[in-house]
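Colleague: Sequences listed follow chains A and B, in order.
Per our numbering, residue 6 is the first one in the first sequence, and the count goes up by one each step.
Per our numbering, residue 929 is the first one in the second sequence, and the count goes up by one each step.
Wrong hints could be hidden among the right ones.
[As the list claims (entries may be wrong)] The list that follows gives simulated cross-link-like pairs (lysine to any residue, SDA-like), each with its CA atoms no further than 20 Å apart:
id : chain 1 : residue 1 : chain 2 : residue 2
1  : B       : Lys-1036  : A       : Phe-65
2  : B       : Lys-1036  : A       : Phe-50
3  : B       : Lys-1006  : A       : Lys-31
4  : B       : Lys-1036  : A       : Lys-31
5  : A       : Lys-31    : B       : Val-976
6  : B       : Lys-1036  : A       : Tyr-108
7  : B       : Lys-1036  : A       : Gly-63
8  : B       : Lys-1036  : A       : Pro-111
9  : B       : Lys-1039  : A       : Gln-49
10 : B       : Lys-1039  : A       : Arg-20
These are computed hints drawn from the structure, not numbers from a lab.
As the structure is a computational prediction, the values presented were derived from the model and not from experiment.
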Amino acid sequence: DAGVTQSPTHLIKTRGQQVTLRCSPKSGHDTVSWYQQALGQGPQFIFQYYEEEERQRGNFPDRFSGHQFPNYSSELNVNALLLGDSALYLCASSLRRQHYEQYFGPGTRLTVT
Amino acid sequence: AQTVTQSQPEMSVQEAETVTLSCTYDTSESDYYLFWYKQPPSRQMILVIRQEAYKQQNATENRFSVNFQKAAKSFSLKISDSQLGDAAMYFCAYRSARGGSEKLVFGKGTKLTVNP
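With the rest of the complex left out, here is chain A (with noise of 0.2 Å):
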């Protein structure tokens, strides 16, 4: 049974550019989250796709949208990079049916140079 797996590792981009974070979710599971988590931080809550519709959003600004797909898969963009948002962005996938449980994928690392 594979877990929650997300591409790519790690990735460097230049500020102003843009980025695409995949995930797939764990087998079975039918909600994603995605959380932004800075160096020695917790992470951060950025939001949650849940039937391919955003059902709840964190404090991140436009720059941050997402998507799901048919399949639960969900991709996370961020336009106009900036330094700050140099991180480990991290998927969680869940069962709507399940409230508590959260599978966390290994993340990316973005770095904005």
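Here the structure of chain A is known, so what remains is to put chain B in place on it, guided by the hints.
Modeller: What follows is chain B alone, placed relative to chain A:
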């Protein structure tokens, strides 16, 4: 808005000894979930233990147990018989039980070192 505070940036313990990691949280809600997550140096976050706020009994998972004090809004993690593989960042997290509010709110974490 809910907040989670972990006041111990770093802790260390001798192998086979017991260590307790502290966590406090602030919420006006009465129904919620609390979690401890472990993040080893390889980065993948793993759920260690979960506590439902409506349950008075403290959760236990093998060598891991919690001390949940709802009135004090405190949720500490005790690791017994510490092993080298327990070395990691530990994050305390809060989740509302309210429908439509499924985000996890994390503390800043505690780095646990296990000395042989």
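Colleague: Please go over all the hints and tell whether each is borne out by the structure.
Modeller: Consistency of the hints with the structure:
1. B:Lys-1036 to A:Phe-65: holds, 18 Å
2. B:Lys-1036 to A:Phe-50: This hinted pair holds, its Cα atoms lying about 13 Å apart.
3. B:Lys-1006 to A:Lys-31: Violated: Lys-1006 (chain B) and Lys-31 (chain A) sit about 29 Å apart, past 20 Å.
4. B:Lys-1036 to A:Lys-31: violated, 26 Å
5. A:Lys-31 to B:Val-976: holds, 18 Å
6. B:Lys-1036 to A:Tyr-108: holds, 19 Å
7. B:Lys-1036 to A:Gly-63: Answer holds: Lys-1036 (chain B) to Gly-63 (chain A) is near 17 Å, not above 20 Å.
8. B:Lys-1036 to A:Pro-111: Distance of about 18 Å is within 20 Å: holds.
9. B:Lys-1039 to A:Gln-49: Measuring from Cα to Cα gives roughly 18 Å; hence the hint holds.
10. B:Lys-1039 to A:Arg-20: Roughly 31 Å between the alpha carbons, so the hint for Lys-1039 (chain B) and Arg-20 (chain A) is violated.
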